[in-house]
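Colleague: Protein chains in written order, with our numbering: chain A, 1 to 116; chain B, 1 to 493.
No lab work stands behind these hints, which were simulated from the structure alone. Using N, Cα and C, we set each Cβ at its ideal position, and we do this for glycine too. Hints may contain errors.
[What the hints assert, rightly or not] Here are some chain B residues the structure puts well away from chain A; computed CB gaps all over 12 angstroms: (1) Leu24; (2) Leu47; (3) Val297; (4) Ser327; (5) Leu476.
[As the list claims (entries may be wrong)] Example chain A residues on the side facing chain B (calculated, C-beta under 10 angstroms, incomplete): (6) Asn8; (7) Ala11; (8) Lys32; (9) Ala42; (10) Ile43; (11) Ile46; (12) Leu76; (13) Asp111; (14) Gln113.
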Amino acid sequence: MEALSHVNYWAAIVLAMIGLYAVIAPSNLIKKLIGLGIFQSAIFLIYITAGKVEGGTAPIIDAGHAVYSNPLPHVLILTAIVVAVSTLAVGLALTVAIKRDYGTVEEDEIDEQDRR
Amino acid sequence: MIATHLPVLQVAVPLIAAPVCVLLRRGDYAWVFTTVVCWGLLAIAALLLDQVMSGGTISYRLGGWAPPIGIEYRLDGVNAFVLLIIAGTAALMMPYARQSVEQEVRPERRHLFYAIFLLALTGLLGITATGDAFNIYVFLEISSLASYVLIAQGRRRRALTASYQYLIVGTIGASLILIGIGFLYAKTGTLNIADLAVRVPALGETPAVLAAFAFITVGVLIKLALFPFHVWLPNAYAYAPSMVSAFLAATATKVGAYMLLRFVFTVFGVHFAFETLPLTEILLALSLIAVLAGSLVAVFQSDLKRLLAFSSVGQIGYLGVGIGLASVTGVTGALVHVFNHALMKGGLFLAAGTIAYRLGATDLSALHGLGRRMPFTMAAVVIGGLGLVGVPITSGFVSKWYLVQAAFEEGLWPVALFVLAGSLIALAYVGRVVEAAYFRPAPPDAEPVGEAPWAMQLSTWALIGGSVYFGLHTDLTVVIAERAATVLLAGAP
Numbered sequence: 001m002e003a004l005s006h007v008n009y010w011a012a013i014v015l016a017m018i019g020l021y022a023v024i025a026p027s028n029l030i031k032k033l034i035g036l037g038i039f040q041s042a043i044f045l046i047y048i049t050a051g052k053v054e055g056g057t058a059p060i061i062d063a064g065h066a067v068y069s070n071p072l073p074h075v076l077i078l079t080a081i082v083v084a085v086s087t088l089a090v091g092l093a094l095t096v097a098i099k100r101d102y103g104t105v106e107e108d109e110i111d112e113q114d115r116r
Numbered sequence: 001m002i003a004t005h006l007p008v009l010q011v012a013v014p015l016i017a018a019p020v021c022v023l024l025r026r027g028d029y030a031w032v033f034t035t036v037v038c039w040g041l042l043a044i045a046a047l048l049l050d051q052v053m054s055g056g057t058i059s060y061r062l063g064g065w066a067p068p069i070g071i072e073y074r075l076d077g078v079n080a081f082v083l084l085i086i087a088g089t090a091a092l093m094m095p096y097a098r099q100s101v102e103q104e105v106r107p108e109r110r111h112l113f114y115a116i117f118l119l120a121l122t123g124l125l126g127i128t129a130t131g132d133a134f135n136i137y138v139f140l141e142i143s144s145l146a147s148y149v150l151i152a153q154g155r156r157r158r159a160l161t162a163s164y165q166y167l168i169v170g171t172i173g174a175s176l177i178l179i180g181i182g183f184l185y186a187k188t189g190t191l192n193i194a195d196l197a198v199r200v201p202a203l204g205e206t207p208a209v210l211a212a213f214a215f216i217t218v219g220v221l222i223k224l225a226l227f228p229f230h231v232w233l234p235n236a237y238a239y240a241p242s243m244v245s246a247f248l249a250a251t252a253t254k255v256g257a258y259m260l261l262r263f264v265f266t267v268f269g270v271h272f273a274f275e276t277l278p279l280t281e282i283l284l285a286l287s288l289i290a291v292l293a294g295s296l297v298a299v300f301q302s303d304l305k306r307l308l309a310f311s312s313v314g315q316i317g318y319l320g321v322g323i324g325l326a327s328v329t330g331v332t333g334a335l336v337h338v339f340n341h342a343l344m345k346g347g348l349f350l351a352a353g354t355i356a357y358r359l360g361a362t363d364l365s366a367l368h369g370l371g372r373r374m375p376f377t378m379a380a381v382v383i384g385g386l387g388l389v390g391v392p393i394t395s396g397f398v399s400k401w402y403l404v405q406a407a408f409e410e411g412l413w414p415v416a417l418f419v420l421a422g423s424l425i426a427l428a429y430v431g432r433v434v435e436a437a438y439f440r441p442a443p444p445d446a447e448p449v450g451e452a453p454w455a456m457q458l459s460t461w462a463l464i465g466g467s468v469y470f471g472l473h474t475d476l477t478v479v480i481a482e483r484a485a486t487v488l489l490a491g492a493p
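Excised from the complex, chain B in its bound form (with noise of 0.2 angstroms):
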C-alpha cells in the first residue's frame, strides 16, 4: 500500500518535517529528527531507484488526478538515480552537521537552521521527481529561496553580499525559466512533461519554440552555472556555512545538470536541440572554457573554501561536455560525474569545513603543516582532490574515462585534449594545497590543534571512501547511468 505512494513521500515527508523542525524549538532535538527524516528519504530513494530498475518508468498520479490534466510524478532511470544522489549525501552529511552547525549558527537559530535545510531538500527533490513543467519552476524557487537563506548564514559578513548577489542571479535564472514554460504552454496548451515531450518536436521550428528553448537553456545554464554564469557560485560556496557549502556543492548544481537534461533531451528533444540547432557546439565551446578558467583560476587561489569552489566551476564544465556531446556514451560520462562529483566536492568541502572548525580559517597558509596535526582530515582532502584530477582507482577516473571515450566516438580529440589539460591543471590546485599541509612546516607560534570530532570524520571519511569505492565497483553507477542515458537519448517516453 504505501509502496505504490513513495514517489509522493519522497517530496511530502521533508515539506512536512520542516514545519515540525521549527515546532521542536531546540537545536539538538531539531537535527535528531532531521537525520532520522534523510535516512528515511534516502530509503525511499533507494526503494524507488530498485523499482525503477526493475519495473520501468513508475507514474505517480498526486491526487489520483489523471495526466496530463493532473499533476503526475514521473520517475525514470535518470530522476531515480538523482534522487539517490540528493537524499544520499543529505543523509551522509547529517553525522557532521550537529557539531559544525553548533559552532556556525546562534543557538535559537539552530532548529530554524535544520527546518531550512529540510525545505531546500524538498525543492531539489521536488524538481528531480516531478513530471510536471511548472511544479520544476515551483521547486526551483523552494530551493533557492532556501539556499540564499541558508548560505547567508555564514560567520562572515560577506556571506550576506554572497547570497544577495546569488539571489539576484538566482531569480532573473528561475524568471527565464518561467517565460521559456509559459511559451510551451501557451504553444501546446499542456504543463506536462511527457505530453509536451510528444507535442513540442511536432511543432517543429516555430519562433515560440525557439524562444522558449532559449529562455529555458540560459535560465538552468544559470542554475548549473556554467561558464559565463557562473558569477554566484564561488562567493555562495566561500562564504557559506561548511554544512551548507558542502551539501549545495553536491546536490544544487546536479539538480541543474538534470533540468538540462530533462528540458533538452525530453522535452525539445535531441534533434531540435542537437540538429536543428548548434547546442553542441555552444555547450562544448562553454564547457571547455570553464573547464580550463575555472580550473585555472582555483590555481590563484589562497583560501581553501574558494579554492574548491573555483574547481566546482571546473567540474561543471565536464557535465557540460558529457551533454554537449549527445550521444550515450557522453550522457553516460555526464551522469556518471554528476554522482561522483557530489561525492568528491561533498567529502571535500566537509574536510575544509573540519579545518575551519579547528583553525577558524581555510587560508592556504593556515594549513602549513597540518599534514602532521591533522592527518585524517588531510588524507581526505588529498583522496578527493585525487579525484578530482582524475587519477586511477578514484571514481573522478571513471567519469573521465567515459569522457573521453565520447569525445573519440565523435572524432572530436581536442575535446578530449581539452579535458585532459583540464585534469593537468586540477593537479596543480591539488598540488598547492598538499605542499602547503604536508611539505611547508608549521609555524612555531601556532597552537596545537587535534583532529576533528568522530562525527564530522565518518561524514567526511563515508563520502570519500565513497569515491573511492565507486572508484574501484564502476559497474554499479555506470550501468544504472547507461540505462539513464538510453531513456534520455531515445527521447518521447
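Bound conformation, chain A alone (with noise of 0.2 angstroms):
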C-alpha cells in the first residue's frame, strides 16, 4: 500500500520520462513542442499533489472544517501554467517561422539545408 499512496509521484516521474523522451526522441519540431508540454505537466502534479492535506478540504473558512489544503503550490502552479502556455505560443510561432522559411519542420532536413 505505500506504494499506492504516492500514486501521484509516481505518475509525474513516468510523465516526466515521457515527456523528455518526446523532446529528445522525435525529428518533428511540434512533437518536441508536444514533449516539452508532457514534461511541465509532469511538475505541476508534483506541486499539485505536495499541496493536499489528507482529508483536507478547499481552503474557505467554514465552521464545518477544520482540516484545509494548502492553497500556495496551486497558486504557484497557476502561475508555472501562464509560462508553458506561453512557452508553447513563442515555441509555435517559431515553428511556423521555420515552416515559412526553410519548408519543412522535420530537424533533420533543416540540418541538411543548413549543411548545404
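Taking the hints as your guide, dock the two standalone chains into a single complex.
Modeller: Here it is as C-alpha cells:
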C-alpha cells in the first residue's frame, strides 16, 4: 500500500520521462513541443500533489471544517501554467516561421539545408 | 520617500515601460523612450549599490507584507553589484541600438523589438533583485521567453532554429529549477531565500534536499551554459541581431552565475555543497574542460561572431573555476570576472556588429585588410581581445590574477596551469582575428567601406574603454567584489 499512497508521484515520474523522451527522440519540431508540454505538466502534478492535505478541504474558512489543503502550491502552479502556455506559444510561432523559411518542420531536413 | 522604493522600481519601471513602447508605435520614439528608461535604471542601480555599500543589506517588502510570507526583495553586496552590471551594460548599449536595429529589424517591428528588450531586462533585473525562490523562476522565464524572441529576429533563417533550440534547452533548464524549488518548498514550507538559508542546512542530508540540490544546480548550469550544457549558446549568439548578441553575452550568462552563487552559497550553504557534496571537484572539472575546449573550438571558427561565442563558453569556465574554489579570493575573482567579461565581451560583440553593419558579414575572410579600412573598430576588437587573453592593464588580467591566486591558496597548482593555458589558447584565436584584419591585404575588388556611425563607435568604446579603465583602477571593482564574496561565504544572513 506504501507504493499506492504515492501513486501521483509515480505518475509524475513516468510522465516526466515520457515528456523528456518525446523532446529528444522525434525530429518533428511540433512533437518536441508536445513532449515539452508533457514534461512541464509532470512538474505541475508534483506541486499540486504536495499541496494536498489528507482529509483537507478547499481553503475557505467554514464552520464545518478544520483541515484545509495548502492553496499556495496551486497558486504557484497557476503561474507556472501561464509560463508554460507562453513558452508553447513562442515555440509554435517559431515553428511556423521555420516552416515558412525552410519549408519543413523536420529537424534532420533542416540540418541538411543548413549544411548546404 | 522614493528612495525607499528603489528596489521595486528597479524591476517595475522596465516592466511598465515595455507596453508603453508598444503603444508608441514608432521605432525611433521607442528608442528614445527605452534609452531614457535604461539610463534611469542605471541611476537606480547606482543609488542602490551606494545604499548597500554604506548601509548594509536592504530588505524591501513588496506590498508591505512581511517576509517570509510576503515577497521580499533583498539586496546585499552581491546582487546590488550584478544589478549595476546589467543596468550599466544596457544603458551603454542604447546609443548603438538605433542604427543597428534600423538595419536589422523591419520598420513595423522596431517598437516591438524595444518592448521585448525591456521585458528581457525586467526578467534579468528581477532574478537578481528578488529574495524569493519562486520569483526567481518566474523572472527567469520572463527573461528567457524575451530572449528567444529577440534571438529569432536575426536576419538569417538560422536565427530561428538557434532560437528554437535555445527554447527547448532553456525550458528544460528552468523546469529543473522549478522541480528543485518545489522540493525545497515541500520540505521547508517557505520560498523566501533568507528563510530557506536558515531552514535548509538544518534539514541535513535528506534525500529531498539532495534531489533539490541536484535539480537546481543542473538547471542553473544549463542557464549558465557551463560545459557540457553550452550547446545552445554558440548558435544563439552567432545568429542573433548584433545588439542582442552583445546584450545577452554581457548579461544573461552573468545572471546565471549569480543564480549559482545564490543557490549554492546562500540557500544550501558552503558546508553542504562543498564539504558534504563534491561540488568543488565537479565544478572545477567541468570548468577546466570548458576553458580548454571552448577556447580551442574558438580557434577553428571561421566567423567572428561564432568565434566570440565559443570564447564565451571558455570564459564562463573561468567563472566556474572561481565559484568551484569556494574561497573568498576565488569568488572575488569570479565576481570581478563577471563584471570585466560583461564589458569586454559586450564591447567585442558590439564591434563585431559594427563590422556586420558595414560589411554585411563577419567571416574572418571578409575582415582582410579591415585594420586599415575601419581602424577604430578594429582597434576596439584588438583591445577587447587582449582583455580576453588577460594581458596586464586590461581588466581581464585582474580577474585571472585573482583566479590564479585562489588556485595557489588551495594548493591546486594544476588549476592555475589550466587557467594560464586557456589564456594562451585565447591568444591564438585573438591572433587569428588580428592576422586577418592587419596582415592580410584587402582583396582588390573590395568595396570601399568607411568607419561605422559615431553613435555605434561610442557604445563600443564605452565598454572597451571601461574594460581598460577597470584594468588600471582595480580598487573599485575588487573592493565591491571582495565584500560580496565575504557576504556569500559567511552563509545564512
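Colleague: Just checking, serine 327/B versus chain A, shortest CB gap more than 12 angstroms?
Modeller: holds (35 angstroms)
Colleague: Does lysine 32/A meet its interface restraint, that is, does its C-beta lie within less than 10 angstroms of any C-beta in chain B?
Modeller: holds (6 angstroms)
Colleague: Identify whether the interface hint at asparagine 8/A stands, where standing means a beta carbon of chain B within less than 10 angstroms of its own.
Modeller: Violated, because the Cβ-Cβ distance from asparagine 8/A to chain B comes to roughly 13 angstroms (cut-off 10 angstroms).
Colleague: Restraint: alanine 11/A near chain B, CB-CB cut 10 angstroms. Satisfied or not?
Modeller: violated (15 angstroms)
Colleague: Answer holds if the nearest beta-carbon of chain B is closer than 10 angstroms to that of isoleucine 43/A; otherwise answer violated.
Modeller: holds (5 angstroms)
Colleague: Against chain B, with CB atoms and a cut of 10 angstroms, does the hint on leucine 76/A hold up?
Modeller: holds (6 angstroms)
Colleague: So, as I understand it, the hint says glutamine 113/A touches chain B; can you test that by seeing if any CB pair is closer than 10 angstroms?
Modeller: holds (9 angstroms)
Colleague: Does leucine 47/B clear chain A by more than 12 angstroms, comparing its Cβ with all Cβ atoms of that chain?
Modeller: holds (30 angstroms)
Colleague: So is leucine 476/B really clear of chain A, every C-beta pair being over 12 angstroms apart?
Modeller: holds (38 angstroms)
Colleague: Can we confirm that no CB of chain A comes within 12 angstroms of the CB of leucine 24/B?
Modeller: At about 23 angstroms from chain A, leucine 24/B clears the 12 angstroms cut-off, so the statement holds.
Colleague: So, aspartate 111/A near chain B? Judge it on the closest CB pair being under 10 angstroms.
Modeller: holds (9 angstroms)
Colleague: Taking 10 angstroms as the limit, does the beta-carbon of alanine 42/A come near enough to a beta-carbon in chain B?
Modeller: holds (9 angstroms)
Of the numbered hints stated above, those contradicted by the structure are hints 6 and 7, listed in ascending order.
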